[in-house]
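Single-letter residue listing:
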Amino acid sequence: MHKKRMAWMLCLVMLLAAFAPLAASAEAVDPLVVTVFIGDPFDQPTSDNKIYKLIEEELGITFEFEFLAGDLDETLGIKIAGEDYADLICGSNSAEKLIDAGAYIDLMEYIDPESTPNLWAHYEPYFKRVQMPDGGFYVMANYGRIYNDPIVNYINGPAFWLQKKVLEWDGYPTITTLDQYFDLIARYAEAHPTTDEGLPTSGFEILCDGWRNFCLLNPVQHLIGHPNDGGVFVHWDDNYRVDVFHNKDYSKTYYQKLNEVFNAGLIEQDTFVQNFDQYIAKLSSGRVLGMFDQYWNFQNATDALVAAQKYEDTYIGLPLVYDESITEHYLDQTIININRGFGISVNCKNPERLVQMFETFLSDRWQTIFHWGIEGEDYYVDENGRYLRTDEQKANADDPIWVNANKAKQLFYNAPKKEGTMDNGNSWDPGLQPEMYFDKMSEYDKNFLTQYGMNTPAEFANPAPPNQPYYAAWQIDLSAYPDILDIGTKLVDIQARDLPQIIMSKPEEFEQKWEAFSATHQAAGQAEYEEFMQGIILEMNERLR
Amino acid sequence: MVSVTERNKPRNNAGARTALRTLLRQRQLMLMSVPMLLYVLLFNYAPLWGWITAFMDYKPSRALFDNPWVGFANFEWLFHQPEFYLAIRNTMAMSAINLVFGTASSIVLALFLNEIRFTPFKRTVQTVTYLPHFLSWVIVVGLAQSMFATDGVVNHALMALHVIQKPAFWLGEGRYFWWLVGVINVWKEVGWNSIIYLAAIASIDPTLYEAASIDGAGRFRKMISVTLPGVRATFFVLLIMNIGHLMEAGFEIQYLMGQNLLVDWSQTIDIYVLKYGITQGRYARATAAGIFKSVVSIVLLYGANRIAKRMDETTLM
Chain U
1 MHKKRMAWML CLVMLLAAFA PLAASAEAVD PLVVTVFIGD PFDQPTSDNK IYKLIEEELG
61 ITFEFEFLAG DLDETLGIKI AGEDYADLIC GSNSAEKLID AGAYIDLMEY IDPESTPNLW
121 AHYEPYFKRV QMPDGGFYVM ANYGRIYNDP IVNYINGPAF WLQKKVLEWD GYPTITTLDQ
181 YFDLIARYAE AHPTTDEGLP TSGFEILCDG WRNFCLLNPV QHLIGHPNDG GVFVHWDDNY
241 RVDVFHNKDY SKTYYQKLNE VFNAGLIEQD TFVQNFDQYI AKLSSGRVLG MFDQYWNFQN
301 ATDALVAAQK YEDTYIGLPL VYDESITEHY LDQTIININR GFGISVNCKN PERLVQMFET
361 FLSDRWQTIF HWGIEGEDYY VDENGRYLRT DEQKANADDP IWVNANKAKQ LFYNAPKKEG
421 TMDNGNSWDP GLQPEMYFDK MSEYDKNFLT QYGMNTPAEF ANPAPPNQPY YAAWQIDLSA
481 YPDILDIGTK LVDIQARDLP QIIMSKPEEF EQKWEAFSAT HQAAGQAEYE EFMQGIILEM
541 NERLR
Chain C
1001 MVSVTERNKP RNNAGARTAL RTLLRQRQLM LMSVPMLLYV LLFNYAPLWG WITAFMDYKP
1061 SRALFDNPWV GFANFEWLFH QPEFYLAIRN TMAMSAINLV FGTASSIVLA LFLNEIRFTP
1121 FKRTVQTVTY LPHFLSWVIV VGLAQSMFAT DGVVNHALMA LHVIQKPAFW LGEGRYFWWL
1181 VGVINVWKEV GWNSIIYLAA IASIDPTLYE AASIDGAGRF RKMISVTLPG VRATFFVLLI
1241 MNIGHLMEAG FEIQYLMGQN LLVDWSQTID IYVLKYGITQ GRYARATAAG IFKSVVSIVL
1301 LYGANRIAKR MDETTLM
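Taken in order, these protein sequences are the chains called U and C.
Numbering of the first sequence is given in this note's numbering, commencing with residue 1 and proceeding in unit increments.
Numbering of the second sequence is given in this note's numbering, commencing with residue 1001 and proceeding in unit increments.
Keep in mind that the hints are not guaranteed to be accurate.
[Stated by the list, open to error] Simulated pairs of lysine-lysine, PhoX-like, Cα-Cα distance not exceeding 25 Å:
| no. | chain 1 | residue 1 | chain 2 | residue 2 |
| --- | --- | --- | --- | --- |
| 1 | U | Lys490 | C | Lys1059 |
| 2 | C | Lys1293 | U | Lys490 |
| 3 | U | Lys506 | C | Lys1166 |
| 4 | C | Lys1059 | C | Lys1293 |
[As the list claims (entries may be wrong)] Which residues of chain U face chain C? A partial, calculated answer using Cβ under 8 Å:
| no. | residue |
| --- | --- |
| 5 | Asp100 |
| 6 | Gln269 |
| 7 | Asp270 |
| 8 | Phe272 |
| 9 | Leu478 |
| 10 | Ala480 |
| 11 | Leu485 |
| 12 | Ala496 |
| 13 | Pro500 |
Note that these hints are calculated values from the structure, not bench results.
Just so you know, even glycine gets a beta-carbon here, dropped at the ideal spot from N, CA and C.
Let the sequences and hints guide you as you build the complete structure.
Below is the structure:
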């Protein structure tokens, strides 16, 4: 009897299963599954995610995401070797490899003022920049396309960061030079060998993990008053002569300072061997007084500290220089993020439909949905037409679990997007909407800024002056010049290997180790690399002026 | 196996006919080996076709034969890189350390386990020691990193025992790296590797032990004179196989633990290939390094096998 019932149940299930696809195909839009590879680690969205559901309802498109797990270059290398491309690929920091391998279709053939007006208006002013030397436009830049006025509330890029409690303890001093910075750290650490929770205080952290070793390698250019050009310093006043600056005398000053600070016990040696997760965990514990980093890189730690309401342990970015005679230049004007974002792969069966999808997504309605969410659910509009969020909506937006179910972060982060200000005056990015930024600030932070007579953390730095046409050198793609790329890889290897040793050396060994490093660095083809880069930058200035 | 083929070596026409007859007689066996043969051909021999890219200026965006031939340029490049020699040194050194530590520790563990008469305890120890084998390297390295950190358990323990005066920087000093890898490998694999020796011990004829007892051998004597010679064949077979793998020191552990500042000690051939080959999109270079590795491995394997043969030991071929 029991068996018979089971058999009937099975039959029923089979029948239902057979008819299920019929039911689905009754929908108006053609369903399409788009495979997506993203060269950044993300969490998978929940299966009933609100925004992806809306996309499926209106456009019939669903996504199968594959996120980065492991090293990007290796993952891409293996994908390229096997021509194993998803429909949409975001190559993140190594998209040039995909372009070089012919993995992307040329979007110039799909974008025109008639059929894709939004995409055309979005990228047309930047075609000279986003087009590769062969004239192809392969990757739709994810960030840096500003509409109307940019909004700058805080330093998102590089700075020397310092816990607010340290400045508070010292009576809110103005810190502008490297020496003042480390002097304050030393005094605070001496007075507070442990945190309130009993954890040992760490004076200064230097993240050296993988590609994030810019925390070790990049500071010097800023200390001499230059914005972020990556691993090189470009002499704007000397025919754009290029320095791979790590073994120059003006770099020695910095690393000698770090050596001094290390020997004073303010840098823990484990900082040179910790990985990114350990670094974030350490910052999140509140026991790290300062570090050089870019804000987006350690934002997770800030979020954790804010969630724990340890506002005094969060960081303020200080644009430090060597001495008062140097004008700091930390904030730069937003540049279009060339080759970072989605491209459509040659394996994609219907590129037209995906281009049209991005065209639709660039409409103001969809941009608002991606940035802000659904009106009434995720934000509201007040009587003055300002977009705002209730406390609950704000809390939701900060909750990663809620975000996974209610935002299309995985897709939107790398999709073409509008930034700056909407035509109606609201900020595209909710995080930058001035009212919300202030509202969201804790009482502690408001008071902190009041002490300095400032309204936003960005006021610690000078407003961004106009960029040089070529800027920034870190965007320059060298994949077409393998020999130069080899030298570059080797130079960074030497820097990342030797600089930690130099910082950790005994003071009396410093000179000798520095000389040895400098010589090795020089011998690895430094001059050739510098000369080549100068040529490229001069050519770019000519082309983009 | 060797003797079988010797006997059937065809010497003349008559011999060829005999061979054919043997073939026919063993047709079921032949048929059974076909899938294995196909597998090896398909997955181990067919990909060798790709070796030709090592002699090209290869780019995946071009059709295979549109790539210009460059002769041995990729090999020349490799052998002009001081880092490549360091990588070979590191690989061989870590392999050797792993081989010696790994073999010694698993034989000793197997010998000791075999002496335990209380079965529940024996089973427990065996399970506990081989469980780490199933942990992923990411977890093992994470554990090791916190244990060997400056304020980690190892430093605390060694300082409490007055072995060292101040904490050692285990994770940041090149000279410790190989040994650290050796120690962690032993921790992870000792139980697993001892299983095969335990199996070998179990197959020793018990009468040998009885005979030894009658001759007045004690427990320790029996271990030395009966058990150890009993695992000798297993030991040599494994040794030869491992020598063939000397060019592979593992990948994950060096990759996960080898921070930038340790690169001179931690970079193995595989990591080097990944960094200067695949990561930079230079597949030809990676292939060239792969060919080099394979050739060296084959030479080592045959060399070890020959030596073992000369010593009249059990051999692979």
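> Holds or violated: is the Cβ of aspartate 100/U closer than 8 Å to a Cβ in chain C?
Replying inline: holds (6 Å)
> Within 25 Å, alpha carbon to alpha carbon, are lysine 490/U and lysine 1059/C?
Replying inline: holds (22 Å)
>> Tell me if the interface restraint on alanine 480/U is satisfied: Cβ within less than 8 Å of some Cβ in chain C.
In response: Where the cut-off is 8 Å and the nearest Cβ of chain C is about 11 Å from alanine 480/U, the hint is violated.
>> Let's test the interface hint: is any C-beta of chain C closer than 8 Å to that of glutamine 269/U?
In response: holds (5 Å)
> Minimum Cβ distance from aspartate 270/U to chain C below 8 Å?
Replying inline: holds (5 Å)
> Does the structure keep lysine 1293/C and lysine 490/U at a Cα separation of 25 Å or less?
Replying inline: Measuring from Cα to Cα gives roughly 23 Å; hence the hint holds.
> When the nearest CB of chain C is found for alanine 496/U, is that gap smaller than 8 Å?
Replying inline: Result: holds, 4 Å to nearest chain C Cβ.
> Given the hinted pair lysine 1059/C and lysine 1293/C, is their alpha-carbon gap at most 25 Å?
Replying inline: With a Cα-Cα distance of about 22 Å, the restraint between lysine 1059/C and lysine 1293/C holds, given a limit of 25 Å.
> Taking 8 Å as the limit, does the beta-carbon of leucine 478/U come near enough to a beta-carbon in chain C?
Replying inline: Where the cut-off is 8 Å and the nearest Cβ of chain C is about 10 Å from leucine 478/U, the hint is violated.
> Quick one, is the phenylalanine 272/U hint okay against chain C at 8 Å, beta carbons?
Replying inline: holds (6 Å)
> Do the numbers back the hint for leucine 485/U, that is, is its least Cβ distance to chain C under 8 Å?
Replying inline: holds (6 Å)
> If you take the shortest Cβ to Cβ gap from proline 500/U to chain C, is it below 8 Å?
Replying inline: holds (4 Å)
Violated hints for the displayed structure, listed by number in ascending order: 9, 10.
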